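Visitor: What follows is the residue order along each chain.
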Amino acid sequence: MVFSSLTFIFYFLPIVLILYYIVPNKFKNIILFLSSLAFYFFAEPKFGILMIVSILSTYIHGILMDKHKEHKKIITISSVIISLSFLVFFKYTDFIIENVNMLFNGEFDLLNLALPIGISFYTFKMISYIVDVYKNKVKPQKSFLKLATYVSLFPQLMAGPIVRYSTIEKELDDREYTFSKFSNGVRRFIIGLSKKVLIADVLGDLISSFNMASEKTVLFYWIYAVAITLQIYFDFSGYSDMAIGLGKMFGFNFPENFNYPYISRSVTDFWRRWHITLGTWFRDYVYIPLGGNRVGKIKWLRNILIVWMLTGLWHGAAWNFILWGLLYGVLLVIEKLGLLKILEKIPAFLSRIYVMFVVIIGFVIFSGEGVEQILENIGGLFGIGVDKLTNAESMYYLVNYASIFVISILASTPILKNIVKKLKEKIPRIINIFEPLALSLLLIICVSYLVDGSFSPFLYFRF
Amino acid sequence: MSDKIKDIIVSVLFVAIIVSTFIINIAIKDSDVSTSERRKLAQFPKINLDSISSGELSDTVEEYAMDQFFLRDEFRSIKSFIKLDILRQKDNNELFIIDNNIYKMEYPLDENSVMNITNKINNIYEKYLSDEAKVFYTIVPDKNYYLDSNLMYLKLDYRRLENIMKENINSNIKYINIFDELSSNDYYRTDTHWKQENITKVAEKIANEMGFLNRITLDFEKKEYSGFYGAYYGQLVKKVEPDNIYYLTNSIIDNAKTFNYETNKEGSVYDISKADSSMDKYDLFLSGATPIIQIRNENSTIDKELIIFRDSFGSSIAPLFTEAYSKIILIDIRYISTDLLSKYVEFNNTQDVLFLYSTLVINESGALK
Numbered sequence: 000m001v002f003s004s005l006t007f008i009f010y011f012l013p014i015v016l017i018l019y020y021i022v023p024n025k026f027k028n029i030i031l032f033l034s035s036l037a038f039y040f041f042a043e044p045k046f047g048i049l050m051i052v053s054i055l056s057t058y059i060h061g062i063l064m065d066k067h068k069e070h071k072k073i074i075t076i077s078s079v080i081i082s083l084s085f086l087v088f089f090k091y092t093d094f095i096i097e098n099v100n101m102l103f104n105g106e107f108d109l110l111n112l113a114l115p116i117g118i119s120f121y122t123f124k125m126i127s128y129i130v131d132v133y134k135n136k137v138k139p140q141k142s143f144l145k146l147a148t149y150v151s152l153f154p155q156l157m158a159g160p161i162v163r164y165s166t167i168e169k170e171l172d173d174r175e176y177t178f179s180k181f182s183n184g185v186r187r188f189i190i191g192l193s194k195k196v197l198i199a200d201v202l203g204d205l206i207s208s209f210n211m212a213s214e215k216t217v218l219f220y221w222i223y224a225v226a227i228t229l230q231i232y233f234d235f236s237g238y239s240d241m242a243i244g245l246g247k248m249f250g251f252n253f254p255e256n257f258n259y260p261y262i263s264r265s266v267t268d269f270w271r272r273w274h275i276t277l278g279t280w281f282r283d284y285v286y287i288p289l290g291g292n293r294v295g296k297i298k299w300l301r302n303i304l305i306v307w308m309l310t311g312l313w314h315g316a317a318w319n320f321i322l323w324g325l326l327y328g329v330l331l332v333i334e335k336l337g338l339l340k341i342l343e344k345i346p347a348f349l350s351r352i353y354v355m356f357v358v359i360i361g362f363v364i365f366s367g368e369g370v371e372q373i374l375e376n377i378g379g380l381f382g383i384g385v386d387k388l389t390n391a392e393s394m395y396y397l398v399n400y401a402s403i404f405v406i407s408i409l410a411s412t413p414i415l416k417n418i419v420k421k422l423k424e425k426i427p428r429i430i431n432i433f434e435p436l437a438l439s440l441l442l443i444i445c446v447s448y449l450v451d452g453s454f455s456p457f458l459y460f461r462f
Numbered sequence: 000m001s002d003k004i005k006d007i008i009v010s011v012l013f014v015a016i017i018v019s020t021f022i023i024n025i026a027i028k029d030s031d032v033s034t035s036e037r038r039k040l041a042q043f044p045k046i047n048l049d050s051i052s053s054g055e056l057s058d059t060v061e062e063y064a065m066d067q068f069f070l071r072d073e074f075r076s077i078k079s080f081i082k083l084d085i086l087r088q089k090d091n092n093e094l095f096i097i098d099n100n101i102y103k104m105e106y107p108l109d110e111n112s113v114m115n116i117t118n119k120i121n122n123i124y125e126k127y128l129s130d131e132a133k134v135f136y137t138i139v140p141d142k143n144y145y146l147d148s149n150l151m152y153l154k155l156d157y158r159r160l161e162n163i164m165k166e167n168i169n170s171n172i173k174y175i176n177i178f179d180e181l182s183s184n185d186y187y188r189t190d191t192h193w194k195q196e197n198i199t200k201v202a203e204k205i206a207n208e209m210g211f212l213n214r215i216t217l218d219f220e221k222k223e224y225s226g227f228y229g230a231y232y233g234q235l236v237k238k239v240e241p242d243n244i245y246y247l248t249n250s251i252i253d254n255a256k257t258f259n260y261e262t263n264k265e266g267s268v269y270d271i272s273k274a275d276s277s278m279d280k281y282d283l284f285l286s287g288a289t290p291i292i293q294i295r296n297e298n299s300t301i302d303k304e305l306i307i308f309r310d311s312f313g314s315s316i317a318p319l320f321t322e323a324y325s326k327i328i329l330i331d332i333r334y335i336s337t338d339l340l341s342k343y344v345e346f347n348n349t350q351d352v353l354f355l356y357s358t359l360v361i362n363e364s365g366a367l368k
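Chains as they are written, first to last, in numbering that gives the first Met the number 0: chain A, 0 to 462; chain B, 0 to 368.
Don't read these hints as lab results, they were simulated from the structure.
It should be emphasised that the depicted structure is a prediction, and the values quoted were computed from it without experimental measurement.
Take the hints with a grain of salt, since some may be wrong.
[What the hints assert, rightly or not] 30 Å max Cα-Cα, derived DSSO-like pairs, lysine-lysine:
{"id": "1", "chain 1": "B", "residue 1": "Lys45", "chain 2": "A", "residue 2": "Lys45"}
{"id": "2", "chain 1": "B", "residue 1": "Lys238", "chain 2": "A", "residue 2": "Lys27"}
{"id": "3", "chain 1": "B", "residue 1": "Lys238", "chain 2": "B", "residue 2": "Lys39"}
[What the hints assert, rightly or not] Covered stretches of chain B (chain A as the covering partner; in silico rule of three or more C-beta atoms under 8 Å from a C-beta of chain A):
{"id": "4", "region": "0-13"}
{"id": "5", "region": "146-155"}
{"id": "6", "region": "158-168"}
{"id": "7", "region": "287-301"}
{"id": "8", "region": "322-331"}
For each residue, glycine too, the CB sits at the ideal point set by N, CA and C.
Just chain A, same shape as in the assembly:
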């Protein structure tokens, strides 16, 4: 089930909200756990058991660590290996077989395994829990229900944010419910829904048109590249907004996952603003344990490249993702070696152009299927292998989607947020009247798109 579906918004959510708020506090976690299981089983019935087995393994290891403190290192390693082995088996086996076959002219058959939805996210959450228990940052959770509720919590089960156990440890026991928090959640949910339905999915149609185009031009390659860059952002940040919003409706405070990444002035800055919970996860659980930057230059370079190769690989078992991760790894090294200082001195618009150029090329690599297509799509941007600069088809799609581009570019900056903030300071009462109206209107428009639209899962579900 996806958040941006009529089934979720008008069947699942009202039932769960009513049940959640009518039961006494001590039963709320049970309602959340059962509804999370229903949420997962509805979309992924085959692999629900896998998730429960993974949670059970992590739970048992946590309890064991509490009882056998002298063996806590080996218990932690065991837990991490078990969690990772599920992830590696389902996500990377075919990729490994393909590459072994390619390197050694092997003929091993592919397993053609389906990827359990959300496995990359819930595996990372469980690893963070067990490592934090090992480091005595958190106490082992004695209640299986509470740990299972944390891992399977439906608002952040399938595509993040990667909420650390330490972040919501207290909230698993005691949550605060206020109208302010709930209405904040509603606002985030509707804004996220609008990002997904009114922008990301609409740009998805444009990308489909590009893929089916009879003749691709330089202009059309650029339209595609910008569209895919905006689509991925609005799709994923829309999901995160909805997750954070739903979390608030149920009394949780999830961490932010995006902070206007497309206004960044450096790639370093970009990765502080993009998929924040993944970046910080890799920093805390891979980069720093490897020694971070408190080692010699060679080791430091190695650490960066390992982290960024893994970041790429986390997104998918394909070379384009590894390439995409390494591109950022290399650029981050270059920035740290001196480019960052130059970027800080040059005019802001120039540094932003540099970042957006890198990000656009990055997402063309990211979304390409195979090296051949990636080279074709990047070459197309610079007129390589393309006959025409533009044609009637490219112009049609540019004009047809002009308003969507303007709105999405504007919405990827904090301009609108700042305007509303300033207006709220000057005319708070009017803005307060306007907000429920605007949110209702947005919800109605989203529903009109959903009723007339086709089913469209979130892009990040496949990671």
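Since the structure of chain A is provided, determine the placement of chain B on it from the hints.
Guide: Frame of chain A, contents of chain B only:
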């Protein structure tokens, strides 16, 4: 309004909207069909172990939720309004309005599809027809062809489509070009089809090229059937003036009988009872879609037959040829396999044969059997 009151309103309003919508959707009776879209609506899926374990259930339930959502057409019209009037996008689901006339973008040209239908025609020719038969083909342009190119809307490459067919079709099958006999006014504003009352010029051109112009007067009486909202109207959900369906008749057509091979029933050329009960008023013409239907000219003194391989455009032009033949057999190979035709139709070398297909079917010929 204070922040506190605003927060209460936002929270209560949201919960009220989703809960009341849930209750209304559960309470209202499900519809079987959407009249405006002319299609069956998804029903609540059967829940069993297979549908659950395969993961199909979530998709089918969502399809059901979309199709049975209360005020569905009103919501669809909101989307249409937002896309076309607010965001100024050029189309909604590839549909758009120019001068109160709804168009659907047909693009790009699928050359494989054009080759597919060309091969189908060649196969039929080789299997059932001979070099002595008089065989023709014509292409009915969709109304986008007549759309002003300055409006930027994407169109098929009609010349390329024509050329592919010309270059690959059996050389004994002669082409009748009717592109210049039509204009955008000759099509319904809210539908894909041409208006029968406006295609006598086309009928004349075909009759002339096929050599039966001397056998028809093309003298008809124009009768009004009813107001008509075509297929595009329901898909776009925008307010547009309705069309009117007129039909052309004379004593020969009035006396002619049809025989439907699928239902084994006789009927009349203009099937008012079928059209009255149908979602598509265009079914007036030869009772709508059917594999094989015959028009028998009861009082004919001419012993000549015409076979038309056709799509729905053929339903409204075929009656205009009634006078020139004792029998016209219309075959729609979207609904019957070409391999089965000899079971129902006797082919001989004296029949005239016309392949009449619209660019819409030519460009999406995968459904031809």
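Visitor: It remains to establish, for every hint, whether it holds in the given structure.
Guide: The hints, checked one at a time:
1. Distance hint between lysine 45 (chain B) and lysine 45 (chain A) is fulfilled; the C-alpha atoms sit about 19 Å from each other, no more than 30 Å.
2. For the hint linking lysine 238 (chain B) to lysine 27 (chain A), the alpha-carbon distance of about 49 Å lies beyond 30 Å, and the restraint is violated.
3. Note on lysine 238 (chain B) and lysine 39 (chain B): the hinted pairing holds, with a Cα-Cα distance of about 23 Å set against a maximum of 30 Å.
4. For the region 0-13 of chain B, the proposed coverage by chain A is satisfied: 13 residues have a C-beta within less than 8 Å of a C-beta in that chain, meeting the threshold of three.
5. Residue count for the region 146-155 of chain B with a Cβ under 8 Å from a Cβ of chain A: 3. That meets the three needed, and the coverage hint holds.
6. Counting residues of the region 158-168 of chain B whose C-beta sits closer than 8 Å to any C-beta of chain A gives 0, which falls short of three, so the coverage hint is violated.
7. Look at the region 287-301 of chain B against chain A: 0 of its residues bring a Cβ nearer than 8 Å to a Cβ of that chain, fewer than three, so the hint is violated.
8. Counting residues of the region 322-331 of chain B whose C-beta lies closer than 8 Å to any C-beta of chain A gives 0; at least three are required, and the coverage claim is violated.
Checked against the numbered hints above, the structure violates hints 2, 6, 7, 8; every other hint is satisfied.
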